[in-house]
Amino acid sequence: MTSSPKAMPLSRRRFLSLTGQGALLAGAALGAGGLWPRWALAEPDLAAGLLRMGRDIYPHDAIPDTYYLTPLEPLLENHRALIADGLAELNRRARDAHGKDYGDIGEEADRATLLREIEDSDFFQTVRGTLVVGLYDNPALWETHFGYEGSSWQQGGYLHRGFDDLKIDWL
Amino acid sequence: MATRFDYDDDSVVVIIGSGAGGGTLAHALAKKGIDSVVLEAGKRYQMNDIENDEWEMFKKISWLDERITAGPRQLTETFPGLPAWIVKGVGGSTIHWAGVSLRFQPHEFKLHSEIGDLEGANLLDWPISYEDLEPYYVKAERHMGVTGDSTGMPYHQWNNNFKVLAAGAERIGYTQLRAGPMAINTEEYDERGRCMQAGFCMQGCRFGAKWSTMYTDIPRAEASGHCEVRPRSMALKIEHDNQGRASAVVYADGNGNQHRQRARAVCVAGNSIESPRLLLNSHSSMFPDGLANSSGQVGRNYMTHATSCIFGVMPKPVHMHRGTTFAGIISDEARLDQSRGFVGGYTLEVMSLGVPFFAKFMDPTNAGWGRDITSALDKYDHLSGVWICGEDLPMEGNGITLHDTKKDQYGLPVPVVYKGDHPNDAKLRSHGEQQARRCYEAAGAERIFKVPDFPTSHNVGTNRMSARPEDGVVNQWGQTHDIDNLFISDGSQFTSSGAENPTLTIVALALRQADHIAERMQRQEL
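Residue numbers (my numbering), protein chains in the order written: chain A, 57 to 227; chain B, 7 to 532.
Simulated from the structure, these hints should not be mistaken for laboratory data. Please note: incorrect hints may appear among the correct ones.
Lysine-lysine pairs mimicking DSSO-like chemistry, simulated, CA-CA at most 30 angstroms apart [unchecked claim]: (1) A/K223 with B/K385; (2) B/K412 with B/K366; (3) B/K38 with B/K145; (4) A/K223 with B/K322; (5) A/K223 with B/K456; (6) B/K366 with B/K243; (7) B/K66 with B/K456; (8) B/K243 with B/K37; (9) B/K366 with B/K456.
Please read these numbers as outputs of a predicted model, since none were measured by experiment.
Work out the full structure, taking the sequences as your base and the hints as a guide.
This is how it looks when you write it as structure tokens:
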């Protein structure tokens with residue numbers, strides 16, 4: 057279900073279908089269902105743009121959408137004008153350059169070029185700053201995706217759990 | 007049962023700060039029967055407040071009061087409000103420090119004599135030699151529980167991260183590779199347990215295996231009956247009497263109420279930003295430029311270490327997060343050898359970050375996003391990292407000043423922390439980066455990259471020691487040249503930065519200062 061670098065344009069319809077699948081995955085991961093962000097369903101165009109942008113800023117093909125959307129949710133509640141205006145401007149630039157909205161551009165490299173042009177803006181850095189914590193400070197992803205084991209004191213650290221288990225056999 | 011001293015009790019030593027300098031000093035004085043009141047701006051934490059969680063601990067214990075990063079350096083852009091990564095809490099930055107406990111090398115106390123003048127650098131010899139401090143290094147190592155000869159505690163086993171760096175380092179000819187000395191127990195010592203290799207040294211040691219005044223000096227000083235620690239007490243101003251001697255410290259408590267604690271002597275140990283800031287804020291008609299500032303050197307010569315950070319992506323999982331954070335030290339480049347094109351040396355120290363901080367720090371510039379970043383993060387468990395800790399030269403223009411208009415929550419001017427490189431710093435850093443890259447290349451890294459500077463944890467030099475009053479702020483005992491019962495007890499005393507982490511030297515100086523204060527009190531000079 058995850059977007060690959062050359063994913064289909066993220067249309068409103070696809071977004072809704074993604075979120076449906078994402079919700080199922082999130083439910084499975086969190087052990088609780090029905091946690092889908094309400095604004096994402098209420099404002100699917102903004103949500104789709106924000107999701108596309110989040111995935112372009114920190115692209116991890118194997119990480120499901122839900123892990124991007126959940127931390128981005130508060131932005132639309134707390135910084136709605138910044139996000140709405142920022143996405144509108146991004147779409148304007150996209151139409152100037154490619155004749156279509158940002159989310160409808162098929163090539164990741166083309167979308168990245170557009171984002172580079174606005175990377176110094178408050179809008180871009182707000183989204184990025186939110187995601188750099190929201191995406192990477194999520195324990196649900198640490199071990200499964202990054203091989204990071206998180207808090208260890210409860211298990212007595214790594215003294216008997218591999219702090220020195222590396223065999224350098226590649227040299 | 008806790009000792010309480012009266013606000014008007016002018017027999018107490020008032021110590022500002024409870025970290026490596028202040029906490030050590032309070033305990034050392036208490037053991038001699040000397041009473042002190044410790045004013046600590048931060049809260050008191052318990053062991054179960056310490057979590058293995060990078061962001062939670064950052065938010066919980068960091069000094070986050072408004073500060074302004076300034077100067078021609080990347081940190082001015084990337085962390086405009088957070089020049090330093092230090093702690094606000096009882097125990098100060100000894101909660102956060104990583105435990106590396108290297109002594110300064112003998113030549114580092116007299117770099118100016120060794121190399122002469124260097125344009126743009128405000129070089130000065132310390133008024134003490136290595137030989138003067140050596141007995142206190144031994145005392146400090148025993149006091150803190152530093153692995154190695156002084157305690158007999160063995161060094162740590164090499165963790166995976168250090169094994170990788172060491173494999174490369176040995177291949178390029180380095181020989182001075184050690185998993186110590188560290189003030190992290192490898193066996194039970196001083197009623198504290200051994201290191202469990204949990205990682206998260208910089209978030210505070212949940213097991214108490216790493217020395218911190220939070221759970222050693224401070225509670226012991228309090229238990230002696232000779233020390234009262236007042237948390238959430240922000241020193242605002244040091245007052246003096248008609249003779250120009252320090253007489254009291256005015257501070258704000260946690261509710262914003264101001265108090266005046268009278269003092270027999272005042273010892274300032276608020277770290278290299280707050281200590282000069284307090285002296286500057288304590289200006290009076292007798293001392294219009296701030297206390298102890300007849301030299302004009304208060305707040306100047308700010309040094310942070312010339313640092314850089316290099317990571318390598320290895321062919322197999324390393325799990326750098328397992329085990330002590332700064333797990334191994336390479337000292338081959340710590341020597342003074344001008345044939346390398348720079349003066350001073352540097353230490354290579356293997357280091358790790360968890361996923362949350364690695365993601366934040368890998369490239370905090372506006373441009374730090376995209377596949378370059380995430381392709382490294384996708385290989386997080388294959389990473390190994392090394393930090394370069396290099397001699398940073400003193401420059402008069404680098405320092406702490408007070409903002410003209412911005413005030414903090416206490417109504418005090420916000421500190422502006424200005425720092426730029428001396429050309430020597432840049433050469434040293436670039437040499438260190440090149441050598442670190444060579445290590446990882448030799449270790450078979452598939453990709454090697456640099457991580458920009460973090461907000462600095464090593465902040466020294468802003469009230470420096472000098473033989474002559476016109477060159478610095480304090481004498482060889484940390485006593486200010488201008489005011490005989492006013493002392494500086496933290497890293498701001500440093501005349502030079504050395505190539506070593508500062509905490510061990512701060513503790514050695516505090517123990518030495520405690521002896522000096524006790525002797526002078528005995529002679530009724532203080």
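Consistency of the hints with the structure:
no.	hint	result
1	A/K223 with B/K385	holds (18 angstroms)
2	B/K412 with B/K366	holds (28 angstroms)
3	B/K38 with B/K145	holds (15 angstroms)
4	A/K223 with B/K322	holds (9 angstroms)
5	A/K223 with B/K456	holds (25 angstroms)
6	B/K366 with B/K243	violated (37 angstroms)
7	B/K66 with B/K456	holds (28 angstroms)
8	B/K243 with B/K37	holds (28 angstroms)
9	B/K366 with B/K456	holds (14 angstroms)
The structure fails hint 6 only (numbered hints given earlier).
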